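The hints should help you fit chain B onto chain A, whose structure is shown.
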Amino acid sequence: MSQKTTSDFFVERFAMIVVIIFSLLCVLPFLLIVGTSFSSEDIVRVKGFSLFPRGATLEAYRMIFKGGTNILGSYVVTISMTLVGTLVGLGIISMTGYALNRHDFPLRNIISFFIYFASLFSAGLAPYYLLMTQGYGLKDNYLAILLPLMMSPWLIILMKNFVKSVPYELTEAGKIDGAGDFSIFIRLILPMLKPALATIGLFLALGYWNEWYQSSLFLSERVTYKPLQYMLYQIINQLSYLKNSVAGAFVTFDNFPEETLKMATACVATGPIILVYPFVQKYFISGITVGAVKG
Amino acid sequence: MEKVKTAASEGTVSAGTPAEVTVLAKKKKLGKTGIFFRECGKHYSLILMCIPAIIFFIAFSYAPLPGIYVAFVKYNYASGIFGSDFIGLDNFKFLFESGQMWKLTRNTILYNFAFLVLDNVVAMFMAILINEITNRIFKKITQTIMLLPYFISAVLVGLLVYNVLNYDYGFLNSVLRSLGLSRWAPYSNPKAWPPLIILVQLWQCTGYNTIVYFAAIMGIDSETIEAARIDGVNAFQRIWYIELPLLKPTLVILMLFAMGGIVKGNFGLFYNIIGTNALLYPTTDILETYVYRATMQDFNFSTASAIGFYQSVIGFVIVMICNAVIKKIEPEYSLF
Numbered sequence: 001m002s003q004k005t006t007s008d009f010f011v012e013r014f015a016m017i018v019v020i021i022f023s024l025l026c027v028l029p030f031l032l033i034v035g036t037s038f039s040s041e042d043i044v045r046v047k048g049f050s051l052f053p054r055g056a057t058l059e060a061y062r063m064i065f066k067g068g069t070n071i072l073g074s075y076v077v078t079i080s081m082t083l084v085g086t087l088v089g090l091g092i093i094s095m096t097g098y099a100l101n102r103h104d105f106p107l108r109n110i111i112s113f114f115i116y117f118a119s120l121f122s123a124g125l126a127p128y129y130l131l132m133t134q135g136y137g138l139k140d141n142y143l144a145i146l147l148p149l150m151m152s153p154w155l156i157i158l159m160k161n162f163v164k165s166v167p168y169e170l171t172e173a174g175k176i177d178g179a180g181d182f183s184i185f186i187r188l189i190l191p192m193l194k195p196a197l198a199t200i201g202l203f204l205a206l207g208y209w210n211e212w213y214q215s216s217l218f219l220s221e222r223v224t225y226k227p228l229q230y231m232l233y234q235i236i237n238q239l240s241y242l243k244n245s246v247a248g249a250f251v252t253f254d255n256f257p258e259e260t261l262k263m264a265t266a267c268v269a270t271g272p273i274i275l276v277y278p279f280v281q282k283y284f285i286s287g288i289t290v291g292a293v294k295g
Numbered sequence: 001m002e003k004v005k006t007a008a009s010e011g012t013v014s015a016g017t018p019a020e021v022t023v024l025a026k027k028k029k030l031g032k033t034g035i036f037f038r039e040c041g042k043h044y045s046l047i048l049m050c051i052p053a054i055i056f057f058i059a060f061s062y063a064p065l066p067g068i069y070v071a072f073v074k075y076n077y078a079s080g081i082f083g084s085d086f087i088g089l090d091n092f093k094f095l096f097e098s099g100q101m102w103k104l105t106r107n108t109i110l111y112n113f114a115f116l117v118l119d120n121v122v123a124m125f126m127a128i129l130i131n132e133i134t135n136r137i138f139k140k141i142t143q144t145i146m147l148l149p150y151f152i153s154a155v156l157v158g159l160l161v162y163n164v165l166n167y168d169y170g171f172l173n174s175v176l177r178s179l180g181l182s183r184w185a186p187y188s189n190p191k192a193w194p195p196l197i198i199l200v201q202l203w204q205c206t207g208y209n210t211i212v213y214f215a216a217i218m219g220i221d222s223e224t225i226e227a228a229r230i231d232g233v234n235a236f237q238r239i240w241y242i243e244l245p246l247l248k249p250t251l252v253i254l255m256l257f258a259m260g261g262i263v264k265g266n267f268g269l270f271y272n273i274i275g276t277n278a279l280l281y282p283t284t285d286i287l288e289t290y291v292y293r294a295t296m297q298d299f300n301f302s303t304a305s306a307i308g309f310y311q312s313v314i315g316f317v318i319v320m321i322c323n324a325v326i327k328k329i330e331p332e333y334s335l336f
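Protein chains in written order, with full-length UniProt numbering: chain A, 1 to 295; chain B, 1 to 336.
Only chain A is shown next, with the shape it has when bound in the complex:
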């Protein structure tokens, strides 16, 4: 290693300051939500939202869990959709990615193009909505959320790039031992793809966990248990929804903790995915790298 010059030293100090400032900007809004969620509504009404809890209370959380927001049902819906969607999606994406990388598979270019072309053209929202509701009859059906988020051309391309890095000799060795394509894939290839599965799995899980859009299209009031983010969306945007579903009989409208309840719901709805992230971060960052800079 060569010596550091004065300019290196200066640039590094400058870099650290900028990065620290930006990192603070990234976390502060979260603290604002967490802080407010533990504050008492009265103080919030007078002094506004704050980074640190003022008049610390668990009132808002108590209300969420006791007040009939259906939050536990929402959790069950979101978690099961995230698990099923991510697992099935990963299975299909990795299978396809593997098959499309086999040099001896004559259809691979045609199928690749077929998938890539899907990303170039889209029919737009109206035809999609009409097809889903009238064609497939998926109004008020969780499948309308589960299925469309399961894969995308971009994720398949990302997987293809990962599979490329697995030596082809592995497949050949499997063939010589007389294994079929499926058992080669499952026993030899999948174990090599752990970083890819972690990365793409995180993308899929994020998609399911943060889902509100398909829900807003296809789930009506008749569905009792809404996915978490959609429930949050409704609580934020429809005050009447909030009061009707949460307040129930046990508070009067005057001291209804409207603002703190929004923040507490946000914490409850977001928490788990942020807690999972640090564990897969290592894979995730290397995953973005493979996907983005292949050039």
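In case anyone wonders, no lab produced these hints; they're calculated from the structure.
Computed from a prediction, not measured in an experiment: that's the story for all the values here.
Note that the Cβ used here is the ideal one computed from N, Cα and C, for glycine as well.
Where hints are given, some of them may not hold.
Claimed, not checked - Sample of chain B residues at the chain A side, in silico, Cβ under 7 Å:
| no. | residue |
| --- | --- |
| 1 | S61 |
| 2 | E132 |
| 3 | T142 |
| 4 | I152 |
| 5 | L160 |
| 6 | L172 |
| 7 | S174 |
| 8 | L176 |
| 9 | S178 |
| 10 | L181 |
| 11 | W184 |
| 12 | D231 |
| 13 | A235 |
| 14 | G308 |
Showing chain B alone in chain A's frame:
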């Protein structure tokens, strides 16, 4: 055995043992298409592996395409898309004549252009800075924190913005008040939003984009940089003359990919921040928010679909033009 297979599928004849030669002769008789189908048959399991994905893209990407026809009819719920009266380009005519199309297109393209330029500039800047930092633990922690905003839903982003900017309880206004300044009411001021939305978008995506660029910097040959150091180059020169030029390919590729989406938008961001606050539409309504309202609130499928069709066509044309231009200037960067 493997060699024979590949040679045969490429249609070349090479001499081998008598057994191999007869195999080759048999394949010759089949002809090119024959061999193709035979190979497909042999790989039926690979085809099976692709079938779920193929069904998926047919069902959710290709099947809606014929529905674009709804843009050319006066949609009537009872008779469905293909039973409604055909009215040609009237839906488009209405949108253009009402001035909506122009406003929406302008907003969409200006926002996306700003995102495109600023996202990349800021991310390159941050990536270069992070690369200068030698403390590994510091780097890891800050990267984790910077990625945090990328992991939250658009709904939560909307709530965060509301948290900071809300007139009554907003954090910004509490600070302003405690400094003895008058409060600010962006939610009734359309002019405030273009810079605000751009800032929010930067806040959410910079961490992710920074990692992409950071990866590209890591890919730079460290010997080049060492050599430059030995020649007495200072940090600014090194960044300006070595690192930035080497980031150009990544920049060009990311820009090209983004160009196709320039008439699409970050719908979730706009919808969750602005919602149905009509006061702010002049500066914040983009094609996608308009389409969403036309579909979900007015059930005006024909208008919505006309805009969707317009978006697809413009997006496609822009990609083609950009690709052609890039191909002229630097052929190796073009997409196809």
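Cross-check of the supplied hints:
no.: 1; hint: S61; in the structure: 4 Å, holds
no.: 2; hint: E132; in the structure: 4 Å, holds
no.: 3; hint: T142; in the structure: 5 Å, holds
no.: 4; hint: I152; in the structure: 6 Å, holds
no.: 5; hint: L160; in the structure: 4 Å, holds
no.: 6; hint: L172; in the structure: 9 Å, violated
no.: 7; hint: S174; in the structure: 4 Å, holds
no.: 8; hint: L176; in the structure: 10 Å, violated
no.: 9; hint: S178; in the structure: 9 Å, violated
no.: 10; hint: L181; in the structure: 14 Å, violated
no.: 11; hint: W184; in the structure: 13 Å, violated
no.: 12; hint: D231; in the structure: 11 Å, violated
no.: 13; hint: A235; in the structure: 4 Å, holds
no.: 14; hint: G308; in the structure: 2 Å, holds
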